[in-house]
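Asker: The primary structure of each chain is shown beneath.
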Amino acid sequence: MNECAVDRRTVIATGAVLAASLSLGSAPAGARASMDTRTTPLTRDITLSVNGTDHAIRVDTRMTLLDALRDKLGLTGSKKGCDQGQCGACTIHVEGERHLACLTLTVAVEGLHITTVEGLAEGESLHPMQQAFIDHDAFQCGYCTSGQIMSAIACVREGHAGSDEDIREYMSGNLCRCAAYPNIVAAVNQAKNEMERG
Amino acid sequence: MSVGNTAAPAPLANMGEPIRRSESVAKVTGRLVYAADAPGQSPLQAYFLTSAIARGRVLSIDAAPAEALDGVVKVYTHLNAPRRIATPYTQKGGYASDTNMPLTGPEIHHDGQIIAMVIAETYEIARDASHRIVTRYDATTPAATIDSPGVDILHPDALAEKEKKAGDFAAALAAAPVKVEGVYSTPAQHQNAIELYSTTASWSAGELTIHEPSQFVVELANGAAAMMGIDPSKVHVVNPYMGGAFGGKGFMTQRTALVAGAARELARPVRNVVTRDQGFTLATYRSETKHHVRLAADHDGRLLAYGHESWEMQSRHDDYPLAGFGVTTAMYGKPAILTRVNLVKADRQTSGFMRAPVEMPYMYPLESAMDELAFALDMDPIELRRVNDIRESPIDGARFTSRSLMRCYDEAAASFGWSKRDPTPGSMREGDWLIGYGCATAGYPTHMAPATARVTLSADGSARVEVAGHDSGQGTYTALGQVAARELGIDPERVHVAMGDSRLPAAPASSNSLATASIGSAVKLAIDKLRSRFGNALPDDRDRSAAFARLGVSEIGDLGEFLPPGTNPEVLGMLRKGQVPFANQARGDESKNGKPLMFAFGAEFVEVRIHRLTREIRVPRMTGAFAAGRIVNPRTARSQLMGGMIWGMSSALLEATEIDEKRGRYVNDSLGEYLMAVNADVPRVDVIMVPEEDPEVNPLGVKGIGELGIVGTAAAVANAVHHATGKRIRDLPIVMDKLLA
Ligand code: FES
Ligand code: FES
Numbered sequence: 001m002n003e004c005a006v007d008r009r010t011v012i013a014t015g016a017v018l019a020a021s022l023s024l025g026s027a028p029a030g031a032r033a034s035m036d037t038r039t040t041p042l043t044r045d046i047t048l049s050v051n052g053t054d055h056a057i058r059v060d061t062r063m064t065l066l067d068a069l070r071d072k073l074g075l076t077g078s079k080k081g082c083d084q085g086q087c088g089a090c091t092i093h094v095e096g097e098r099h100l101a102c103l104t105l106t107v108a109v110e111g112l113h114i115t116t117v118e119g120l121a122e123g124e125s126l127h128p129m130q131q132a133f134i135d136h137d138a139f140q141c142g143y144c145t146s147g148q149i150m151s152a153i154a155c156v157r158e159g160h161a162g163s164d165e166d167i168r169e170y171m172s173g174n175l176c177r178c179a180a181y182p183n184i185v186a187a188v189n190q191a192k193n194e195m196e197r198g
Numbered sequence: 001m002s003v004g005n006t007a008a009p010a011p012l013a014n015m016g017e018p019i020r021r022s023e024s025v026a027k028v029t030g031r032l033v034y035a036a037d038a039p040g041q042s043p044l045q046a047y048f049l050t051s052a053i054a055r056g057r058v059l060s061i062d063a064a065p066a067e068a069l070d071g072v073v074k075v076y077t078h079l080n081a082p083r084r085i086a087t088p089y090t091q092k093g094g095y096a097s098d099t100n101m102p103l104t105g106p107e108i109h110h111d112g113q114i115i116a117m118v119i120a121e122t123y124e125i126a127r128d129a130s131h132r133i134v135t136r137y138d139a140t141t142p143a144a145t146i147d148s149p150g151v152d153i154l155h156p157d158a159l160a161e162k163e164k165k166a167g168d169f170a171a172a173l174a175a176a177p178v179k180v181e182g183v184y185s186t187p188a189q190h191q192n193a194i195e196l197y198s199t200t201a202s203w204s205a206g207e208l209t210i211h212e213p214s215q216f217v218v219e220l221a222n223g224a225a226a227m228m229g230i231d232p233s234k235v236h237v238v239n240p241y242m243g244g245a246f247g248g249k250g251f252m253t254q255r256t257a258l259v260a261g262a263a264r265e266l267a268r269p270v271r272n273v274v275t276r277d278q279g280f281t282l283a284t285y286r287s288e289t290k291h292h293v294r295l296a297a298d299h300d301g302r303l304l305a306y307g308h309e310s311w312e313m314q315s316r317h318d319d320y321p322l323a324g325f326g327v328t329t330a331m332y333g334k335p336a337i338l339t340r341v342n343l344v345k346a347d348r349q350t351s352g353f354m355r356a357p358v359e360m361p362y363m364y365p366l367e368s369a370m371d372e373l374a375f376a377l378d379m380d381p382i383e384l385r386r387v388n389d390i391r392e393s394p395i396d397g398a399r400f401t402s403r404s405l406m407r408c409y410d411e412a413a414a415s416f417g418w419s420k421r422d423p424t425p426g427s428m429r430e431g432d433w434l435i436g437y438g439c440a441t442a443g444y445p446t447h448m449a450p451a452t453a454r455v456t457l458s459a460d461g462s463a464r465v466e467v468a469g470h471d472s473g474q475g476t477y478t479a480l481g482q483v484a485a486r487e488l489g490i491d492p493e494r495v496h497v498a499m500g501d502s503r504l505p506a507a508p509a510s511s512n513s514l515a516t517a518s519i520g521s522a523v524k525l526a527i528d529k530l531r532s533r534f535g536n537a538l539p540d541d542r543d544r545s546a547a548f549a550r551l552g553v554s555e556i557g558d559l560g561e562f563l564p565p566g567t568n569p570e571v572l573g574m575l576r577k578g579q580v581p582f583a584n585q586a587r588g589d590e591s592k593n594g595k596p597l598m599f600a601f602g603a604e605f606v607e608v609r610i611h612r613l614t615r616e617i618r619v620p621r622m623t624g625a626f627a628a629g630r631i632v633n634p635r636t637a638r639s640q641l642m643g644g645m646i647w648g649m650s651s652a653l654l655e656a657t658e659i660d661e662k663r664g665r666y667v668n669d670s671l672g673e674y675l676m677a678v679n680a681d682v683p684r685v686d687v688i689m690v691p692e693e694d695p696e697v698n699p700l701g702v703k704g705i706g707e708l709g710i711v712g713t714a715a716a717v718a719n720a721v722h723h724a725t726g727k728r729i730r731d732l733p734i735v736m737d738k739l740l741a
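Protein chains in written order, with my numbering: chain L, 1 to 198; chain S, 1 to 741.
A couple of the hints might just be wrong.
Said to hold, decoys possible - Quick look at which bits of chain S chain L covers, simulated, 3 or more residues with Cβ under 8 Å:
#1 6 to 17
#2 116 to 125
#3 175 to 189
#4 230 to 243
#5 482 to 496
FYI, nobody ran anything at the bench for these hints, they're computed from the structure.
Note that beta-carbon positions come from the ideal geometry of N, C-alpha and C, so glycine has one too.
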C-alpha cells in the first residue's frame, strides 16, 4: 500500500520545475510549484473573420478556435476528434493555409481570414474537392471529412498532390478511422485537375 | 460519376446499384448534425476527473479549490453524486455495458474510473477546475494483465455450450503424422472512432432528451429511464448520425446517467464530451486474448485434430466472453475437436464489442496455424483450405445455407498473382526489401435480430421508412432506401429514411453486421403488408392516384415486424424494451435443432515488404474477395470491406493499447501514441465481390459485411511476414523489434 496525493496541475508544474533544474544539474527536494490562484477567467472581446463574415465575440483567452467556431459561432462542421492536434478532424484554413483549430487559440487569429468547410461551396454549387469526395465515396461516417477536405484543398495548393505517394504522405495528418484512404487519394486526384484548370 | 471509378463497382449478379450515400452533400459541406453538434440551449459543460490509480480507494477528495473558480456550478464526487438507480449488466437483463457505477463509493476498480464530475458554465472553466481537485489515494497493487499474479481464472459452466467438441481429440492427435502447435496472442485495442463519446441531456416537464452517439438508441432510452427511475416513454434519444462507432457506442455506459442526473438536479441542460484519453477507460474495448492451438493432419493435408484453448481478459465485475469456437470449428474438415475457454478476471474495465469482437481474435490464431500446417506439409496454403473445404459442420453435421469460400480464394488468388509466389521463405526480394505473400480466410456468421420498421407510401409516389436504426458510416440510410425502393418499384431518390430516434419503431443494436439483413427484412415485411392492401400488386405511376382515391387516403403506412427464424415472438417485446434476447438469438454460428449454419466468407491476400536491415514492414497491396449473399449497394459495400481490410492490417502491424503492468494503467491513450493506419500506410486495396445467392438466410438474402473484411487480414499479414522472413510472429502486433529479436 502506498499513499499519494495528486492533482494534475501540480504534476505538470512540478515536471517543468524538475526538467528545468535537472538541466542545471541539481534537483530540489520536494519541489512543488505554487498554484494558480486566479479564480476569474480572463476574457477578451475580439472580432473573428470567418468565411467572409466578421463576428464580434467575447472569448475566454483559453478558448481554442475549434471551440469558438463550434460553440460561439455555431459552425459545427469542424470536428473535435482529439483536441490535441493528432487527428486532423478540426483542420481549417487561416489565410488560405491549413491549421489545426484545436491547437489554435481564438485570440491569436483575430484579424486573420479563416475558412471552414461551411465556407467552401458557393450556394448550391460544391467546391470540386467536395464533389470529388462524393464521387469517390471518400468517407463513410463523415466525421473526419471536413478536415480531410480542408487538408486536401491545401495539399493541392501547396503542390503536394503531384503523385499518389505525395498525396498519401501529405494527407497522413488526417486520420480516417473508417479507412476511406484509397478513395480519398482518388478524390484528391480528380479535384486537383479541376482546381488546376479552374 | 467519372468513368472507371473504382469506388462505384458495376453491379454483378444479385447486386443493387452503386448509388451515392443519401447524406453525401451534408457530409461534405459540414451540415450533418452529429450528437455533440446538436444546437442546444447553451448547455452547462461537464468534465470528468478520472482516477490516477487502477485499484484502491479514494482517501479524500478536496473539491474546494475547484469550487472556488467563478463559473463552476457544482463538483460531484462519491460524497454528493446525482441520484441514479443501478441497472444490471446487459447480459443479465439490465442495460449497463459496465456495472461498475462511479461516484457511489470511494473504491476504485480500474484505471481511469470517474472520481469526480465538474459542472461549469464553460468548457475551459470545467477543465481547469477538474485539474485543481486534490485527491489522496490508498493504492493497492492491481492485477492487470493475463499473466499478472492476483488474477482469477474462471471456467464458467455457462460457456460449456460454446466449447465445441467432436471425437477423441487426444487419440487423433497422438496418431496424426503431421502436427503444429503454437501460442498466439492478440493485444488490447480501442475502437477510437474519430467522433468522441458525448452526452447532452436536457429535461423539460419531467421528460428527458438525450443526444448521444449510440448504436442502440432503444436500449439507451430504456437504460437511461431505468437509471433515472422514470418511465421509458419519458426518455427521448436523438442520434441520427454517428461519426463511427465500431462497437464502442454499443450499450449504455455509466456516463449517460451521470450527466442526465446532473441535468435533472441543476435544472439546466448539461453536455459532456469525453476527452480522447478518457475515452480509453470510460467505454468498453477489445481486451487481450491468448490462445493455445494444436492442428494435426494426414500427409494429404486432411485435418485430423484441432485443439484450441483460450484465455480472455475480463473485468472483475462483468463477464464479456467471446468463446469463438462456433466460428473456428465451422471453417474446415472433420477433425477431432477439443476447445476450452478461460476467463481471466482482473482489475480492468469491462470489455465489449469492437469490430468482429469474436472473429478477429479467434480467427487470427486459427488462420496462422493453418499457414504453419501448410508449411509443415510443404503444401500451398490455398490447397490446404481446398482439401478441407466442407459442406457440413464437423460438430453436428449441420449444413451451410451457402458457402463460397473456395470461389473467393480462386478469384482473389488470380487477381493478386499468387501463382508468382515462390513458397520458400525469404526467397523473393527486390533490392533491400524482402517480399512476402500471405493469405487467410475471412468468415463471419450471418446473425439476425428482431426488428420493426414502418413504411408509408404516398399518393404522389414517394415513401417514408421509419425505424430506430443507426448509421455510423455503413450506409444504412442508403441501403434501406434501396431495399424499400426495390420492393415498392420506385426510385431510391423518392424514399426518405428516418433513423436514430428512440421514438421510431424499435430496431436492434447496430452490431454483429446485422442491420441491413434484420431491418431490411422488416422493411420488406411492411411493404408486403402494404401490397396486400392494394390487392397484392402495388400501384405504379399510372394508377397510383386512382388507387389511393379508391382507398380514400393520401398516404398509407404499415409496420413490418421481423422475427428471425427459430426465435419466439417474445423477442419482439424484449426488443421494444431495448434488451437483447441473449438466450434466444438467431446466430449464424449456432446449428442446434437442425438449424443450418449461415456464414459470409472471404479470402484475403497481402503482400508485405520488409527491409533487409531495419525490418521496417510495409504493406504495398492487399486483395480480398468476399461472398456475402445479396449486395444491396456495391459502392458502400466495397467501402466497408476495404475499411475492414485496412482495420485488419492496422491490427496486425500497429494497434495495441499498452498497459503498465505494475500500475495497471494504459500508457498510450492518445491518437498520437495509439497507432492506427494513416493514409501513407495504405497504398492499394483491391476488393472483389463474388456474386452469391442465398435466399434461405433471410427474406432479402443478405449477409453481413461490416465486419467480414477485418477477420482474416491480420493472419494474412502474419503469414506474409513469415514468407518474407521465415519468422513466425504469433503475438500481435508485428513490429520491427519482434522481427529483429
Ligand atoms: S481535433 Fe484537432 S487535430 Fe484532432
Ligand atoms: S469517414 Fe469516418 S472517420 Fe473518416
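Asker: Does each hint hold? Answer for all of them.
Answerer: Status of the hints after comparison with the structure:
no., hint, verdict
1, 6 to 17, "holds (count 3)"
2, 116 to 125, "holds (count 4)"
3, 175 to 189, "violated (count 0)"
4, 230 to 243, "holds (count 3)"
5, 482 to 496, "violated (count 0)"
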